[in-house]
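With the hints as constraints, model all of the structure from the sequences given.
Protein chains: 2
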Amino acid sequence: MPTQSTMKAALQAYIDGFNTDDANAIMALFADNAVIEDPVGSPLKSRAEFEAFIRQGVAFGARLSLAAPIRGSHGNAAAMAFIVTFVQDGRRIISNSVDVMTFDESGKITRMNGYWGPDDVTGA
Amino acid sequence: MPTQSTMKAALQAYIDGFNTDDANAIMALFADNAVIEDPVGSPLKSRAEFEAFIRQGVAFGARLSLAAPIRGSHGNAAAMAFIVTFVQDGRRIISNSVDVMTFDESGKITRMNGYWGPDDVTGA
Numbered sequence: 003m004p005t006q007s008t009m010k011a012a013l014q015a016y017i018d019g020f021n022t023d024d025a026n027a028i029m030a031l032f033a034d035n036a037v038i039e040d041p042v043g044s045p046l047k048s049r050a051e052f053e054a055f056i057r058q059g060v061a062f063g064a065r066l067s068l069a070a071p072i073r074g075s076h077g078n079a080a081a082m083a084f085i086v087t088f089v090q091d092g093r094r095i096i097s098n099s100v101d102v103m104t105f106d107e108s109g110k111i112t113r114m115n116g117y118w119g120p121d122d123v124t125g126a
Numbered sequence: 003m004p005t006q007s008t009m010k011a012a013l014q015a016y017i018d019g020f021n022t023d024d025a026n027a028i029m030a031l032f033a034d035n036a037v038i039e040d041p042v043g044s045p046l047k048s049r050a051e052f053e054a055f056i057r058q059g060v061a062f063g064a065r066l067s068l069a070a071p072i073r074g075s076h077g078n079a080a081a082m083a084f085i086v087t088f089v090q091d092g093r094r095i096i097s098n099s100v101d102v103m104t105f106d107e108s109g110k111i112t113r114m115n116g117y118w119g120p121d122d123v124t125g126a
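Going line by line, the protein sequences match chains A and B.
Under the numbering used here, the first residue of the first sequence is numbered 3, with each subsequent residue one higher.
Under the numbering used here, the first residue of the second sequence is numbered 3, with each subsequent residue one higher.
Honestly, the hints are just simulated from the structure, not real lab data.
Source: prediction; values computed, not measured.
Hints may contain errors.
Heads up, the list lumps identical chains together, so a pair's fine if it works in one copy or across two of them.
Claimed, not checked - Once the Cα atoms are required to be at most 35 Å apart in a straight line, the calculated DSBU-like pairs of lysine-lysine come out as:
(1) Lys-47 to Lys-110
(2) Lys-110 to Lys-10
(3) Lys-47 to Lys-10
Quick look at the structure:
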C-alpha cells in the first residue's frame with residue numbers, strides 16, 4: 003500500500019499538472035488500466051478517453067486550487083476538495099469538486115471519482 | 003435518484019446532528035442496511051456498529067464544520083470536506099476528513115466512506 007505521503011503527493015501533482023499546463027505530468031500519475039468516473043454518475047472513462055478530457059482541460063487553461071488540505075485514509079485512497087476555474091467562450095467558469103483517488107501498490111492511480119454536480123458549476 | 007438539494011441537505015444534517023448532540027437525527031439519515039467505511043481501509047461497520055461509533059462521537063462532544071461547500075454529483079452521491087474537533091482525556095483533537103455518501107431512491111444514505119488518515123489527526 004502506498005504511504006500517505008505518496009498518495010497525497012500524487013493528488014498535489016494532479017493539481018500542479020494543471021497549473022503548469024502539463025498534461026503529460028498528469029497522465030503519468032495514472033495506471034495504464036485506470037478507470038475514471040468524473041463526474042460521478044457519468045459513464046466511466048478509459049485512460050484514453052480521460053487523456054482527451056485532461057488535454058481539453060489544459061487547453062482551456064484550467065487552474066486548480068485546494069479548498070482544504072488533502073486527506074488520506076487507512077487504505078489505498080486519498081481525497082481532496084478543490085476548485086477549478088477556466089475560461090470558455092469568454093466566460094469564467096468555476097467548479098467545486100471533491101476527487102477521490104485509489105492507488106495500486108506502485109503508487110499509480112487506478113480509479114478516480116470526481117464528485118461535482120450541475121449546481122457546483124457557476125458561470126456556465 | 004434524490005435531487006442535489008436532498009443529498010446536500012442530508013450531508014448538512016449530518017454536520018448539524020453532531021453540533022446539536024443529536025445522535026438520533028444523525029442515524030435517521032441512514033438506511034437500515036447502510037454500510038459505513040470510516041475511515042476507508044478499516045473494517046466495514048454495520049448500521050448497529052456505526053450507531054455505537056456515532057453515539058461515542060456525540061458523547062465526546064464532537065463538533066463538525068465544513069471546510070468547503072458540499073459537492074453533489076451527476077449520480078446518487080455527494081461529498082464534503084470537513085473538520086472534526088473533540089476533547090478526549092483533556093486533549094483537543096482535530097481531524098480533517100472527506101466523507102462521500104451514496105443514497106437510495108428515498109434519500110437515505112446507504113453507504114458512507116470517510117477519508118482520513120493517521121496524518122490527518124492532530125492532538126491525539
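These are the hints, each one checked on the structure:
1. Lys-47 to Lys-110: both (17 Å within a copy, 28 Å between copies)
2. Lys-110 to Lys-10: both (12 Å within a copy, 31 Å between copies)
3. Lys-47 to Lys-10: both (23 Å within a copy, 26 Å between copies)
Violated hints are absent here; each numbered hint is respected by the structure.
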